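Enquirer: Take a look at the letters that make up each chain.
There are 2 protein chains.
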Amino acid sequence: MATFITKSWSGLVYRCRAYQKLAPCRRAHAASSFKFEDLQVSLTSNPQPKPDPEKLLFGHQFADHMLEIEWNLKTGWGHPIICPVHNFSLHPSAKVFHYATELFEGMKAYRGVDNKIRLFRPHDNMIRMNDSAKRASLPAFNGEELLKCLKKLVMVDQDWVPDSTSTSLYLRPTMIGTEESLGVAESHKAVLFVLSCPVGPYFPTGMKPVSLLADPKYVRAWPGGTGWTKMGSNYAPTISVLNAAHDKGCQQVLWLFGENHTLTEVGTMNLFTFWTNEQGEEELVTPPLSGLILAGITRQTLLDMARQWGKFKVSERNITMKDIIKALNENRLKEMFGAGTACIVCPVERISYKDEWLDIPTMKDGGPVVSKFLKDLTDIQYGRVSSEWTVIVD
Amino acid sequence: MATFITKSWSGLVYRCRAYQKLAPCRRAHAASSFKFEDLQVSLTSNPQPKPDPEKLLFGHQFADHMLEIEWNLKTGWGHPIICPVHNFSLHPSAKVFHYATELFEGMKAYRGVDNKIRLFRPHDNMIRMNDSAKRASLPAFNGEELLKCLKKLVMVDQDWVPDSTSTSLYLRPTMIGTEESLGVAESHKAVLFVLSCPVGPYFPTGMKPVSLLADPKYVRAWPGGTGWTKMGSNYAPTISVLNAAHDKGCQQVLWLFGENHTLTEVGTMNLFTFWTNEQGEEELVTPPLSGLILAGITRQTLLDMARQWGKFKVSERNITMKDIIKALNENRLKEMFGAGTACIVCPVERISYKDEWLDIPTMKDGGPVVSKFLKDLTDIQYGRVSSEWTVIVD
Numbered sequence: 039m040a041t042f043i044t045k046s047w048s049g050l051v052y053r054c055r056a057y058q059k060l061a062p063c064r065r066a067h068a069a070s071s072f073k074f075e076d077l078q079v080s081l082t083s084n085p086q087p088k089p090d091p092e093k094l095l096f097g098h099q100f101a102d103h104m105l106e107i108e109w110n111l112k113t114g115w116g117h118p119i120i121c122p123v124h125n126f127s128l129h130p131s132a133k134v135f136h137y138a139t140e141l142f143e144g145m146k147a148y149r150g151v152d153n154k155i156r157l158f159r160p161h162d163n164m165i166r167m168n169d170s171a172k173r174a175s176l177p178a179f180n181g182e183e184l185l186k187c188l189k190k191l192v193m194v195d196q197d198w199v200p201d202s203t204s205t206s207l208y209l210r211p212t213m214i215g216t217e218e219s220l221g222v223a224e225s226h227k228a229v230l231f232v233l234s235c236p237v238g239p240y241f242p243t244g245m246k247p248v249s250l251l252a253d254p255k256y257v258r259a260w261p262g263g264t265g266w267t268k269m270g271s272n273y274a275p276t277i278s279v280l281n282a283a284h285d286k287g288c289q290q291v292l293w294l295f296g297e298n299h300t301l302t303e304v305g306t307m308n309l310f311t312f313w314t315n316e317q318g319e320e321e322l323v324t325p326p327l328s329g330l331i332l333a334g335i336t337r338q339t340l341l342d343m344a345r346q347w348g349k350f351k352v353s354e355r356n357i358t359m360k361d362i363i364k365a366l367n368e369n370r371l372k373e374m375f376g377a378g379t380a381c382i383v384c385p386v387e388r389i390s391y392k393d394e395w396l397d398i399p400t401m402k403d404g405g406p407v408v409s410k411f412l413k414d415l416t417d418i419q420y421g422r423v424s425s426e427w428t429v430i431v432d
Numbered sequence: 039m040a041t042f043i044t045k046s047w048s049g050l051v052y053r054c055r056a057y058q059k060l061a062p063c064r065r066a067h068a069a070s071s072f073k074f075e076d077l078q079v080s081l082t083s084n085p086q087p088k089p090d091p092e093k094l095l096f097g098h099q100f101a102d103h104m105l106e107i108e109w110n111l112k113t114g115w116g117h118p119i120i121c122p123v124h125n126f127s128l129h130p131s132a133k134v135f136h137y138a139t140e141l142f143e144g145m146k147a148y149r150g151v152d153n154k155i156r157l158f159r160p161h162d163n164m165i166r167m168n169d170s171a172k173r174a175s176l177p178a179f180n181g182e183e184l185l186k187c188l189k190k191l192v193m194v195d196q197d198w199v200p201d202s203t204s205t206s207l208y209l210r211p212t213m214i215g216t217e218e219s220l221g222v223a224e225s226h227k228a229v230l231f232v233l234s235c236p237v238g239p240y241f242p243t244g245m246k247p248v249s250l251l252a253d254p255k256y257v258r259a260w261p262g263g264t265g266w267t268k269m270g271s272n273y274a275p276t277i278s279v280l281n282a283a284h285d286k287g288c289q290q291v292l293w294l295f296g297e298n299h300t301l302t303e304v305g306t307m308n309l310f311t312f313w314t315n316e317q318g319e320e321e322l323v324t325p326p327l328s329g330l331i332l333a334g335i336t337r338q339t340l341l342d343m344a345r346q347w348g349k350f351k352v353s354e355r356n357i358t359m360k361d362i363i364k365a366l367n368e369n370r371l372k373e374m375f376g377a378g379t380a381c382i383v384c385p386v387e388r389i390s391y392k393d394e395w396l397d398i399p400t401m402k403d404g405g406p407v408v409s410k411f412l413k414d415l416t417d418i419q420y421g422r423v424s425s426e427w428t429v430i431v432d
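So the protein sequences, as listed, match chains A and B.
Note that this note's numbering has the first sequence beginning at 39, numbered continuously upward.
Note that this note's numbering has the second sequence beginning at 39, numbered continuously upward.
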């Protein structure tokens, strides 16, 4: 059985930390945290039937339990609670309804071929969630304590982790500001919660390539903004642009930036290009962590894997639509694909740009690079190959 | 009694409409709306004591009733309901908690010297709220119908409109996406609601000037973004920057843009500069509606008033920090002030820029321009001067 050696993820972490300095957190007790040892568990008396794994729709059916932890400025974090999923009762002035005081993470629990349940690089989600919290002026916490609570939640709802190596239990850690007062300011009350939902194969009929709308008049993020976080505020402005993409026959948006139409990300995925570059080298390219894009955990994983393979050059650098078009014209562009927790990898087949279609030959020869990423990554996630990147839930 | 002739507000409306084309709304039934004639009123059996008008804190105490209207994609808008203020019960997967699917407006009801209650240019709030809804992929509605419901809400809670010409009842129309599902997409369920709260004099001890942090490393909005809307997503990213401003001894942030450090707005206010320009003309300048700033109703009102006065040049154009510093050095800068519904006008006395303090002489000679704006505007709002801009609630 092959073993991946996990590289440290210092690149991502420290870069995010650099952005954070832009917005210092003033909470003296930010280092305080809830603790796993205080966790209280209250099980449902009314467990729901599990859905048919063949008919799972992303984010529509939830496991029986949730994790919930309240915070307020005066007394800090309360005890973590695992309880049946229930509605929140919130005053209509709660800050989250007015000023988007909120952030989230996306993770998955995988049931492996050995029937063990694994998380994938979950420490990195904890770090990123704290980074988002700092930028959003929401309270910090100890990520290791949250991870222990989260593992317990998965154990409690372990029957909800589907028994199939094309499905998983999606985990959604979230934090919202709940203080009942109007006025743009830090929320003095918050709730951290985790929902989970069984999710199906992202590609029920194999890797189905997508089309992207690349229209420079829509801008997702900018220098001095928050594009590197998972604050809810990065997502609301994208929804009507997604609708515009659908109207053009595209499934997603390729967000461009600047007058050179630099490629950034796909809103819910990072973006990778595999080509022969102008120097004649085979190269995998993805945009750098400049603050404009999310520091995706799948992104970092593909970079780490490709560097370990050592088969081609691996670059974190900016490329433009002009570069893409030139490479297409010269038959140098081989593959383009998104990467993210939900889809793992997602091949791109077309880009709508300046009212023309660019055909991307990703799957023409079976997409050898994207296919190898999918295989190697799912081998780890489903326990066919052992790796320090996975954490077993037991 | 003087009368202001109301100019049409086509400039603002049509410019906003131009931005909207960036994100076409695909809802076939967007033109449908709830109707005032369907309004149901359910009064509280437990009216709360009114707060001491001398001790009002913005946004912390709410009138007895709220307006609430539900919407879903299948059946459209439900009946408007006026009911006691109550908590919302929402599933933790509601889109508003994850993707900032939300928007709001800010308005005030003023009790005039004739004891009549007035709204100020409320039709413009209705137009802007629909503009924000379109950009946020939330449902459109008939603004005139909402305004009728809103007037009824003010009538129901008329005892909450303080009897003082330095206070008012702040109205907060809000819309949130409530669909219970994860996934970045249009919300198929929404709630439109209106809260109200009595608010005190913004300047309990007279017009107290504020200090602004102008640091180009923080960027509020970008071309191709949503800075012109009142989506909640414009506010969350500003909160930690506000904290950074407070740490520097500033009350608010002066948001700059671009390499020339162009002045844009103050996050909760638009910005006006009164100076002698480089051509030796007295000029009132405010940034243009380029999409980067909110199309403030107070902003438009000050422009309309100043043009009607005809005493000095009135310009909507960009100026930079270099222009400000040059004007200060040449003793040409007279006044600088914010303008918005909450404060009406708010003089600026200092700007922290590149780790230096710029002293702005706004109140040195009593701030004749900002003071005249305050007087003329409050004369209208409190009924001392009649105006087509006011709408009497009865």
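If you're looking for bench data, these hints aren't it; they were derived computationally from the structure.
Check before you lean on any hint, since a few could be wrong.
Distance condition first, Cα-Cα at most 25 Å in a straight line; then the derived SDA-like pairs of lysine to any residue [stated by the list, open to error]:
id: 1; chain 1: B; residue 1: Lys112; chain 2: A; residue 2: Asp285
id: 2; chain 1: A; residue 1: Lys246; chain 2: B; residue 2: Val222
id: 3; chain 1: A; residue 1: Lys227; chain 2: B; residue 2: Ser328
id: 4; chain 1: B; residue 1: Lys255; chain 2: A; residue 2: Gln289
id: 5; chain 1: A; residue 1: Lys112; chain 2: B; residue 2: Asn125
id: 6; chain 1: A; residue 1: Lys93; chain 2: B; residue 2: Lys227
id: 7; chain 1: B; residue 1: Lys255; chain 2: A; residue 2: Lys227
id: 8; chain 1: A; residue 1: Lys88; chain 2: B; residue 2: His129
id: 9; chain 1: B; residue 1: Lys227; chain 2: A; residue 2: Lys392
id: 10; chain 1: B; residue 1: Lys93; chain 2: A; residue 2: Glu218
id: 11; chain 1: A; residue 1: Lys286; chain 2: B; residue 2: Ala223
id: 12; chain 1: A; residue 1: Lys255; chain 2: B; residue 2: Ala178
id: 13; chain 1: B; residue 1: Lys227; chain 2: A; residue 2: His124
id: 14; chain 1: B; residue 1: Lys351; chain 2: B; residue 2: Asn369
id: 15; chain 1: A; residue 1: Lys255; chain 2: B; residue 2: Ala380
id: 16; chain 1: A; residue 1: Lys227; chain 2: B; residue 2: Asn281
id: 17; chain 1: B; residue 1: Lys227; chain 2: A; residue 2: Phe126
id: 18; chain 1: A; residue 1: Lys227; chain 2: B; residue 2: Lys189
id: 19; chain 1: B; residue 1: Lys112; chain 2: A; residue 2: Asn125
id: 20; chain 1: A; residue 1: Lys93; chain 2: B; residue 2: Lys112
id: 21; chain 1: B; residue 1: Lys227; chain 2: A; residue 2: Lys112
id: 22; chain 1: A; residue 1: Lys227; chain 2: B; residue 2: Tyr391
id: 23; chain 1: A; residue 1: Lys93; chain 2: B; residue 2: Val222
id: 24; chain 1: B; residue 1: Lys255; chain 2: A; residue 2: Arg355
id: 25; chain 1: A; residue 1: Lys255; chain 2: B; residue 2: Lys112
id: 26; chain 1: B; residue 1: Lys255; chain 2: A; residue 2: Ser328
id: 27; chain 1: B; residue 1: Lys189; chain 2: B; residue 2: His124
id: 28; chain 1: A; residue 1: Lys392; chain 2: B; residue 2: Ser328
id: 29; chain 1: B; residue 1: Lys112; chain 2: A; residue 2: Gln289
These figures come from a predicted structure and were not determined experimentally.
Enquirer: Between Lys227 (chain A) and Lys189 (chain B), is the straight-line Cα distance small enough, at 25 Å or below?
Expert: violated (32 Å)
Enquirer: Regarding the pair Lys227 (chain A) and Asn281 (chain B), is the alpha-carbon distance no greater than 25 Å?
Expert: holds (17 Å)
Enquirer: Has the given pair, Lys255 (chain B) with Arg355 (chain A), been kept, meaning a C-alpha gap of at most 25 Å?
Expert: Given that 25 Å is the threshold and the Cα spacing comes to 22 Å, the pair holds.
Enquirer: Is it true that the CA of Lys255 (chain B) sits at most 25 Å from the CA of Gln289 (chain A)?
Expert: Status violated; Cα separation ~34 Å.
Enquirer: Can the restraint linking Lys112 (chain B) and Asn125 (chain A) be considered satisfied, given a maximum Cα separation of 25 Å?
Expert: holds (23 Å)
Enquirer: Regarding the pair Lys93 (chain A) and Val222 (chain B), is the alpha-carbon distance no greater than 25 Å?
Expert: Measuring from Cα to Cα gives roughly 20 Å; hence the hint holds.
Enquirer: Verify the proposed pairing of Lys227 (chain B) with His124 (chain A), using a straight-line Cα cut of 25 Å.
Expert: At roughly 18 Å apart (the allowed maximum being 25 Å), His124 (chain A) and Lys227 (chain B) satisfy the hint.
Enquirer: Next pair to validate is Lys255 (chain B) with Ser328 (chain A); report whether the Cα-Cα distance is within 25 Å.
Expert: This hinted pair holds, its Cα atoms lying about 14 Å apart.
Enquirer: Hint check: Lys112 (chain B) vs Asp285 (chain A), CA-CA at most 25 Å. Holds or violated?
Expert: Roughly 20 Å separates the two Cα atoms, so the pair holds.
Enquirer: Mind checking the alpha carbons of Lys286 (chain A) and Ala223 (chain B) for me, to see if they're no more than 25 Å apart?
Expert: holds (16 Å)
Enquirer: For the pair supplied as a hint, Lys227 (chain A) and Tyr391 (chain B), is the alpha-carbon distance within the 25 Å limit?
Expert: violated (33 Å)
Enquirer: Can you confirm whether the C-alpha distance between Lys227 (chain B) and Lys112 (chain A) stays at or below 25 Å?
Expert: violated (35 Å)
Checked against the numbered hints given earlier, this structure breaks hints 3, 4, 7, 9, 15, 18, 21, 22, 25; the rest are met.
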